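4 protein chains.
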Amino acid sequence: MAADMTTAEIVNRLKSIEGHVRGIERMVENGEYCIDVVNQILAVQRALQKVNGMVLNRHLHTCVTTAIRGDHPDERERVIDEIMQVFDAIGKL
Amino acid sequence: MAADMTTAEIVNRLKSIEGHVRGIERMVENGEYCIDVVNQILAVQRALQKVNGMVLNRHLHTCVTTAIRGDHPDERERVIDEIMQVFDAIGKL
Amino acid sequence: MAADMTTAEIVNRLKSIEGHVRGIERMVENGEYCIDVVNQILAVQRALQKVNGMVLNRHLHTCVTTAIRGDHPDERERVIDEIMQVFDAIGKL
Amino acid sequence: MAADMTTAEIVNRLKSIEGHVRGIERMVENGEYCIDVVNQILAVQRALQKVNGMVLNRHLHTCVTTAIRGDHPDERERVIDEIMQVFDAIGKL
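Chains as they are written, first to last, in this note's numbering: chain R, 228 to 320; chain L, 228 to 320; chain A, 228 to 320; chain U, 228 to 320.
Incorrect hints may appear among the rest.
Where chains are identical, the list cannot tell them apart; a pair therefore holds if satisfied intra-copy or between any two copies.
Taking lysine to aspartate or glutamate pairs in the DMTMM-like style, the calculated list, with each CA pair at most 25 Å apart, reads [stated by the list, open to error]:
| no. | residue 1 | residue 2 |
| --- | --- | --- |
| 1 | K277 | E256 |
| 2 | K277 | E236 |
| 3 | K242 | D298 |
| 4 | K242 | E304 |
Quick caveat, the hints were computed from the structure, so don't treat them as lab data. Only a predicted model underlies this, so the values are computations on that prediction, with no experimental measurement involved.
Construct the complete structure from the given sequences, taking the supplied hints into account.
Laid out in structure tokens, this is it:
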């Protein structure tokens, strides 16, 4: 992935997620109410899902488009297989 | 949540998740392959799911059991409603 | 589960889901656009999730409440374990 | 989607899912244990997920490949947008 606007935005979101996780550690240490902890964990999971969407979107516009427009059927097959594996893994979350 | 073995284990897992997220930031900054980034994000999501399960398990054994065994129907209703909301949110992840 | 209003409503929703699935079979046979088929399947999955919520809600108000208020710690443990397994399975959908 | 082997297999799987849902209606009417009903609904959801994967896989190999290899940037953008929307919807299941 090239260093561009999207890279910066993805890194920023990950940094904010990192801080969010640190905050949840404090909540657990302070004995806060379980359901509040669970809801914060769910919020982090949703934030990660958004980052995943951004990375995938970029992947489809770059690597996948290049491979599918290219002349190597094996490469085309490979990028499609990878997408299907990701779909599968997301479905199992 | 009382300070006990489980608290320590939950905090440790969250600390390790925090480090994992930091590692993904490096991957993105270094321009690593999108699908590798996606797979690491999926791994973090699965780890958070496990922590969520631990917190919920403890919640069912403590607060929920106490409320349901107690004499306040409103409290019973409240803990059940909270569980249903969490179910719903997990289903929407 | 006793025969009551909720039973009727759950059965009605399942019957409507059954009809929805039959409709998707027609779509596939008629060669309709893949993404339209996928979206209909996703709609059925969401409808099933709602039914699951109704069944679970009733379960928490009946069997789980009875077991937790009862005098058998094993029974309490059993219903909590079952809930945790369902949580886990929903998380893996 | 052209009438081919995959079409037949997808329709067969949907027919089997339809029968599975009908079986769950019987379970609910007969007052079977909630958790058994929930587990059957979860099995149907997993089966639908598999069908969705088959439809998407075919879609990537046909329509998406054609659009991305074609000369219309709008068409390329459209198929990628559709995939991203499906990803998003699967993530929210």
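Evaluation of the provided hints:
For a Cα distance limit of 25 Å, the shortest separation of K277 from E256 across copies, 18 Å, qualifies, whereas the shortest one inside one copy, 28 Å, does not. Taking identical chains as interchangeable, the C-alpha atoms of K277 and E236 lie at most 25 Å apart only when both belong to the same chain, with a minimum of 12 Å there against 28 Å between chains. Taking the shortest Cα distances, K242 and D298 never come within 25 Å of each other, neither inside one copy (39 Å) nor across copies (39 Å). Taking the shortest alpha-carbon separations for K242 and E304, neither the intra-copy value of 34 Å nor the inter-copy value of 30 Å comes in at or below 25 Å.
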